[in-house]
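S.K.: One-letter residues, chain by chain:
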Amino acid sequence: EAGVVQSPRYKIIEKKQPVAFWCNPISGHNTLYWYLQNLGQGPELLIRYENEEAVDDSQLPKDRFSAERLKGVDSTLKIQPAELGDSAVYLCASSFGNRETQYFGPGTRLLVL
Amino acid sequence: AQSVTQLDSHVSVSEGTPVLLRCNYSSSYSPSLFWYVQHPNKGLQLLLKYTSAATLVKGINGFEAEFKKSETSFHLTKPSAHMSDAAEYFCVVSDRTGANNLFFGTGTRLTVIP
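Protein sequence lines, in the order shown, are assigned to chains S and R. FYI, in the numbering used here the residues of the first sequence are 121 to 233. FYI, in the numbering used here the residues of the second sequence are 485 to 598.
Chain R on its own, in the form it takes in the complex (with noise of 0.2 angstroms):
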């Protein structure tokens, strides 16, 4: 079975800080990973996806995530926050069977202080 659990429910930083978001996933398989971000009222945007390539992916607005299979963990970062940053993040598996079926964490939501 999938599954992906986000250690922290809301992370709060200071513009200008850098950004940790926690993850940690279950995967009988080797698995896909992505990050997806969901700004108030607007759809999901992919962020970052993991295939099994390089560790480190790097992705949209400066964020990137490691896949660390020792620990079982896809930690989202960014070197610096800005204010568009404030949102709420879900980290995912994906079960890469056929049905590419897509497993969500319960999400983080970040505020940015100015």
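Here chain S stands alone, though its shape is the one from the complex (with noise of 0.2 angstroms):
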């Protein structure tokens, strides 16, 4: 069974510039979260989707972040315009309904210069 898929893996990309981020979840699984990652540091939850919904987004930046998930499956996230402070792993993860095991992808890892 294939896991979480991330794309692209690395991104480089000139401060103000927009950024995306896509992640496919594993089959079935209709909860999909996405994570900032500071180097040196754990992951920390920006948003949570119960299927299309968003359902805890208090900690993404609304003011440059924006993330979908139209159909209830694959997700993107998008920051526009980026900051030199944006460069971190961004990691998707999904899981099934409230079962708490999450699975994480290899993570995109973003360079803002």
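If you're looking for bench data, these hints aren't it; they were derived computationally from the structure. Hints are supplied without guarantee of correctness; some may be wrong.
[What the hints assert, rightly or not] Only pairs whose alpha carbons sit at most 27 angstroms apart, straight line, appear in this in silico DSS-like list of lysine-lysine:
no. : chain 1 : residue 1 : chain 2 : residue 2
1   : S       : Lys198    : R       : Lys552
2   : S       : Lys131    : R       : Lys526
3   : S       : Lys136    : S       : Lys182
4   : R       : Lys552    : R       : Lys533
5   : R       : Lys542    : R       : Lys526
6   : S       : Lys182    : S       : Lys198
Since each chain comes alone in its own frame, lean on the hints to assemble the complex.
M.R.: This is the structure:
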């Protein structure tokens, strides 16, 4: 069974440019999470989806970050415009409903110059 | 509020010797606790989890952890380190509400010396 897929794996952009990350969760997992992992830190939740509904986006900086999960499967996380401080790893995870085990993708490593 | 504290940012052991990675938790509820491992350029992988069943939890690759409520600890151990164990390890607590949000520690980097 395929795991959580993320693309791209690496992205280098200049500040003020837009960037988007894509995530395909494990088949059948209706809960999807986006996490931010800064260097030397543990991941922190940005947003959680139940199917296509964003049920917890309290930690998402809404002035520049947006996310969508239109059909309740794939998801896209966008930053516009990117800032130097956005350089980090962006992780996607999925789980089956209320089951607690979250399965993580390999992440997208973003470098903003 | 839920949080975890990983007491060591870096642990170094010789191959074949025991591993101990320390974690203390804080939780308003009876917690669920996890250990995840992150190898370079790979996703986080679940090693083991505690969800109020047996206090000694066995995980993959020979790792185990013991939940000690009196000490609010959930230390990760392995009897004999292997070179492939070198990675970043995260202790995680879940709030066990419907959200099941995870709260990660800052990680412990394990180095295994040949």
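S.K.: Please go over all the hints and tell whether each is borne out by the structure.
M.R.: Status of the hints after comparison with the structure:
1. S:Lys198 <-> R:Lys552: Roughly 42 angstroms separates the two Cα atoms, so the pair is violated.
2. S:Lys131 <-> R:Lys526: holds, 16 angstroms
3. S:Lys136 <-> S:Lys182: holds, 16 angstroms
4. R:Lys552 <-> R:Lys533: Within the cut-off at roughly 14 angstroms; holds.
5. R:Lys542 <-> R:Lys526: With a Cα-Cα distance of about 23 angstroms, the restraint between Lys542 (chain R) and Lys526 (chain R) holds, given a limit of 27 angstroms.
6. S:Lys182 <-> S:Lys198: Distance of about 10 angstroms is within 27 angstroms: holds.
The structure shown violates just one earlier hint, number 1.
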